[in-house]
Amino acid sequence: MTRSVFRFLSRQPDTVVLEDETHLLRLPRYSDYRQWYPLRSESRQFLEPWEPSWRSDELTESAFRGRVVRNEQEYASGQALPLFLFLKAEQQLLGGLTIGYIRRGAAQCCMIGYWMGERYAGHGHMLRALNLSIPYIFSGLQLHRIEAACIPDNVRSIRLLEKAGFQREGYLREYLKINGEWRDHVMYSLLAGDRGQQRVQAAQGRGVLASQTTGK
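Residue numbers for the sequence shown follow this note's numbering, beginning at 1 and rising by one.
What the hints contain is simulated information worked out from the structure, not anything from laboratory work.
Yeah, the Cβ is synthetic: ideal placement off N, Cα and C, and Gly gets one too.
Treat the hints with care, as some may be off.
[Claimed, not checked] Pair ranges (Cβ atoms, derived): (1) Ala107 - Arg29: 25 to 33 Å; (2) Ala106 - Arg65: 24 to 32 Å; (3) Tyr101 - Asp20: 19 to 27 Å; (4) His144 - Ser77: 29 to 37 Å; (5) His144 - Asp57: 34 to 42 Å; (6) Ser53 - Glu21: 18 to 26 Å; (7) Ala106 - Glu61: 36 to 44 Å.
[What the hints assert, rightly or not] Here are the simulated DSBU-like cross-link-like pairs (lysine-lysine), alpha carbons at most 35 Å apart as the crow flies: (8) Lys163 - Lys88; (9) Lys163 - Lys177; (10) Lys177 - Lys88.
Generate the whole structure from the sequences, applying the supplied hints.
As structure tokens, then:
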């Protein structure tokens, strides 16, 4: 099992870095535009069906800089934590994952969303990102519940959430306006207690397999 490392940089206490041996999640920086622009440009047809309509200035450097400023403000206010995903050794940008709509009080929950560059999709990178961010959400942010909404046709995203342990809860009619149209979504959730229960069930499953193998 990969050991996740949660490191709060001592020189920049308002910065969060989530990393393991191969992947790294951190807040976007202005300098990331050099990688972000070509990755989003070449992945446009791959991404547009699952995202809000792209603005005419979507890929400009000025719009990106504005996005970075908003990201920092959202994080500073505790509303959201927008992160970029990198291959650690190469510092290669792969995509992004946002811990958003953070709600405190009685709710103690958040909503996650993510995107992946087309050339990196289907290689397990976003599952690694989820496995880094989920423990941070529950232990670092001390939230109780994570929500994720998927368009029913987005089979790849649904499989990803199910692999990460999310459970389907319901069907939301015309929940979000995606690529210019109001689209239905399927709601998934993960609770803080679910991860512990999954580990128990996995251990029990291994015990049953061992007993069957040894004939006990």
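Hints and how they fare:
1. Ala107 - Arg29: 25 to 33 Å: Because 31 Å falls inside the window, the suggested range holds.
2. Ala106 - Arg65: 24 to 32 Å: This hint is violated: roughly 37 Å between Cβ atoms.
3. Tyr101 - Asp20: 19 to 27 Å: holds (26 Å)
4. His144 - Ser77: 29 to 37 Å: violated (20 Å)
5. His144 - Asp57: 34 to 42 Å: The hinted range 34 to 42 Å holds for His144 and Asp57, with Cβ atoms some 38 Å apart.
6. Ser53 - Glu21: 18 to 26 Å: Distance hint for Ser53, Glu21 is violated at roughly 38 Å.
7. Ala106 - Glu61: 36 to 44 Å: holds (42 Å)
8. Lys163 - Lys88: It holds: about 23 Å lies between the C-alpha atoms, which stays within 35 Å.
9. Lys163 - Lys177: Measuring from Cα to Cα gives roughly 26 Å; hence the hint holds.
10. Lys177 - Lys88: holds (34 Å)
Hint compliance for this structure: hints 2, 4, 6 are broken, all remaining hints hold.
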